[in-house]
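Student: If you want the building blocks of each chain, they are given just below.
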Amino acid sequence: MEARPALFVQRSGPQQLSTVRVSGALSSSLPVLPTPLEERYPKLPDSLQVTMEKELTTGPLTHTIPVPSSSGAVGHIFSSNSGYSADLHISSVSPQEKHPRDTTPFISQSSTGKASTLPLQATASTQCTEKNSWCPDPLPDFLDFAADSPVQGTQMENNNSGPGIPVSEDFKPTNWQEWADQLINEDDSLTSTWNELLVDNSVSNPEQPKMASNFPVSQNQLQQQQQLPPSSANTSSSKPRMRWSPELHEAFVEAVNKLGGSERATPKGVLKLMKVEGLTIYHVKSHLQKYRTARYRPELSEGSSEKKLTPIEEMSSLDLKTGIEITEALRLQMEVQKRLHEQLEIQRKLQLRIEEQGRYLQMMFEKQCKPGSEKLKASSSCLEDPSGPPEELQQQQDSLNRSESRNSKEDNRPETDPLGSSSPLPEESKEELEEDSRDPEQKLCEFKASKRQKTDS
Amino acid sequence: MKFGKLLKQQIQETLPEWREMFLAYKELKKLVRLISASSPSSTHPDEHGLSKGEAEFMYLLNHEIEKFNGFFMEKEEDFIIKNAELKQRIQRVVGTWGEHGSQPSEKLYEEEMARIRKDIVDFHGEMILLMNYSNVNYTGLVKILKKYDKRTGGVLRLPFIQKVLDQPFFTTDLLSELVKECEIMIDAVFPVEEREKARELREAVSVADEGIFRKTIAALMTMQEIRRGSSTYSHHSLPPLNLPESYLSQFLQLNSPIPIQ
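Quick note, the sequences are listed as chains A and B, same order.
Using the UniProt record's numbering, the final residue of the first sequence is 457, and nothing's skipped along the way.
Using the UniProt record's numbering, the final residue of the second sequence is 261, and nothing's skipped along the way.
Simulated from the structure, these hints should not be mistaken for laboratory data.
We put the beta carbon where it would ideally sit given N, CA and C, even for glycine.
Any given hint could be a false lead.
Simulated coverage check for chain A against chain B, where a stretch passes if three residues somewhere in it have a Cβ under 8 Å from a Cβ of chain B [said to hold, decoys possible]: (1) 244 to 251; (2) 290 to 297; (3) 345 to 358.
Below, a list of computed lysine-lysine pairs in the DSBU-like style, where the Cα atoms sit at most 35 Å apart [stated by the list, open to error]: (4) B:Lys-163 - A:Lys-338; (5) A:Lys-268 - B:Lys-180; (6) A:Lys-338 - B:Lys-29; (7) A:Lys-349 - B:Lys-107; (8) A:Lys-338 - B:Lys-107; (9) B:Lys-107 - A:Lys-290; (10) B:Lys-26 - A:Lys-349; (11) A:Lys-338 - B:Lys-26; (12) A:Lys-338 - B:Lys-5; (13) A:Lys-275 - B:Lys-180; (14) B:Lys-107 - B:Lys-150; (15) A:Lys-290 - B:Lys-26; (16) A:Lys-338 - B:Lys-146; (17) B:Lys-163 - B:Lys-8; (18) A:Lys-370 - B:Lys-52; (19) B:Lys-52 - B:Lys-5; (20) B:Lys-150 - A:Lys-275; (21) B:Lys-30 - A:Lys-349; (22) B:Lys-8 - A:Lys-349; (23) B:Lys-52 - A:Lys-338; (24) A:Lys-367 - B:Lys-163; (25) A:Lys-349 - B:Lys-29; (26) A:Lys-338 - B:Lys-87; (27) A:Lys-367 - B:Lys-150.
I would like the entire structure built from these sequences, with the hints used as guidance.
Tutor: Put into structure tokens, the structure is as follows:
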């Protein structure tokens, strides 16, 4: 409950406030709306909403998907908002539940996308299960709720002169507390990572997106640390998405079996047995759910003959040949899939290499263009160097193309001449490559050189 | 625009639950267009010197990446679970009925095996589709960043892409591993092929359905289109994908119509 993005309120202009209120109204009844951002906000209806959206979701709470702002900001938010968290929380909740009608004017104001977020369920747990993902998902809405409560609280209170501020009983405070606590805890451990990233980030970005773009990196680090065996500095956090691995899953299954099977095992028990640092009960909970579903369906089909099975049953009872036909169809399918897989791998490798080359070129230019006195030398060497790596890249592409066509030749006899079609390519693209690589980087080099000249003189 | 069209096509052809998960390429393009060509300082930049349009673009970009990561990791988790389950199922079947099905219950064995085979192949397909998802989105990101740089004269592309390369949705090593494991499983589970007979049957078999198979074909075709040499081919571009012409057409004969570009 602590995380109140005061920043949002501060930044909101009067226009934005109304949209904030609306979204708050929708989501504040319960923090557990697992609706993704896109559902809550229609796709970029207007820039204001986009900014609001961003601010709301890149709130301070989490270091998972909606990226929190900088560590400094987070700290700020936590401290400044802790004061009125409880009150607002309560006040915002009860009017919602007691006077659902009051929310409707807000809802009607909202654009279509928001109307769809209305499944306001009673319990946090059902929300979690619905989405079939880790429970922390709802936190963005929690954020909304939080963000809006300062505004809304007063609004509601003004409108509803009657009701006091009783605590809602339907609400599940435990979830909130747990999450909030965890989030606050994690904040400390994260600040250092975020700080580093902030310093590191050389691309000019506005603050919020900067955090967001930093975030993927930090998140990745966290995840990598959170995988078996997690040795990260991060304590338990409900928000970061867990990246599961087969080993981790094995440990999970072991624990579940020890506890008597998927039906009997409880998330808490499993969590305890697994003893994996950084793994939270929410991760386990959602994973357990997925696990149960995965087992349940095959068992359905395995047992008595249900609707799905009858076609197969009939077929195999009728004719063994049909069974073979099915198998052959599957083989065909496999062939295509394997082919696609192969192509994807190749494509990926190429993409990685292209970026590698790009980095290399960038590095070369930075090295060459730095010394001010060597301007002329620098620009000429800039011109020469690019021809190196692109050639290399071209060769790699050639060899990959050749191996691609070789593969296809093996699999399919009747075909056109892939080698023939691919050979003209290298030559023309090579020229383009060299031209292209010269232009932007040459310009950059010259630009830098001339700038230095100006400053020198 | 060509990529945008192809992406749309891909989205249409893909599994329904996935449709929202692809890159919002069109939106991003709109934002890039809205970005004023003039220098940021003339359009009330925020504290990082970015104009409003640029900030919005950055925001959406990061949002999309988060979306990819979330979806990808969730799918990955599902696959890990499914992989383990399939292995178990196979073990169970083999355990109950022996390697090639013991006499009394050969029928049951065959039934169960048929089910398992279908499931495994679809599972394989789904994983490949996820890989394709990752790839298509990455390609889209590269393209849109190129447009952005062109428009603003910025140098966002390179450093941003470097970060993207480390993102969960693009680090598909685990997925590749699972796919390989799956292929091994399949080899183990499928009976040895009898060449001639198999080929006959293959030609006779209709593969027209809305299932995974069709999606993979669509993905392959789209990939081929995307990689067809473009006017802006540069050292950042991928070489064209050279699938022999007849390869895909053999599936098209059998299959229900897939739009051909």
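Student: Are the hints correct? Go through all of them and say.
Tutor: Results for each hint:
no., hint, verdict
1, 244 to 251, "holds (count 5)"
2, 290 to 297, "holds (count 4)"
3, 345 to 358, "holds (count 10)"
4, B:Lys-163 - A:Lys-338, "holds, 29 Å"
5, A:Lys-268 - B:Lys-180, "holds, 34 Å"
6, A:Lys-338 - B:Lys-29, "holds, 33 Å"
7, A:Lys-349 - B:Lys-107, "violated, 45 Å"
8, A:Lys-338 - B:Lys-107, "holds, 30 Å"
9, B:Lys-107 - A:Lys-290, "holds, 31 Å"
10, B:Lys-26 - A:Lys-349, "holds, 27 Å"
11, A:Lys-338 - B:Lys-26, "holds, 31 Å"
12, A:Lys-338 - B:Lys-5, "holds, 26 Å"
13, A:Lys-275 - B:Lys-180, "holds, 30 Å"
14, B:Lys-107 - B:Lys-150, "violated, 64 Å"
15, A:Lys-290 - B:Lys-26, "holds, 34 Å"
16, A:Lys-338 - B:Lys-146, "holds, 31 Å"
17, B:Lys-163 - B:Lys-8, "holds, 26 Å"
18, A:Lys-370 - B:Lys-52, "holds, 32 Å"
19, B:Lys-52 - B:Lys-5, "holds, 28 Å"
20, B:Lys-150 - A:Lys-275, "violated, 51 Å"
21, B:Lys-30 - A:Lys-349, "holds, 30 Å"
22, B:Lys-8 - A:Lys-349, "holds, 25 Å"
23, B:Lys-52 - A:Lys-338, "violated, 45 Å"
24, A:Lys-367 - B:Lys-163, "holds, 22 Å"
25, A:Lys-349 - B:Lys-29, "holds, 27 Å"
26, A:Lys-338 - B:Lys-87, "holds, 20 Å"
27, A:Lys-367 - B:Lys-150, "holds, 24 Å"
Hints 7, 14, 20 and 23, counting from the list given before, are not met by this structure.
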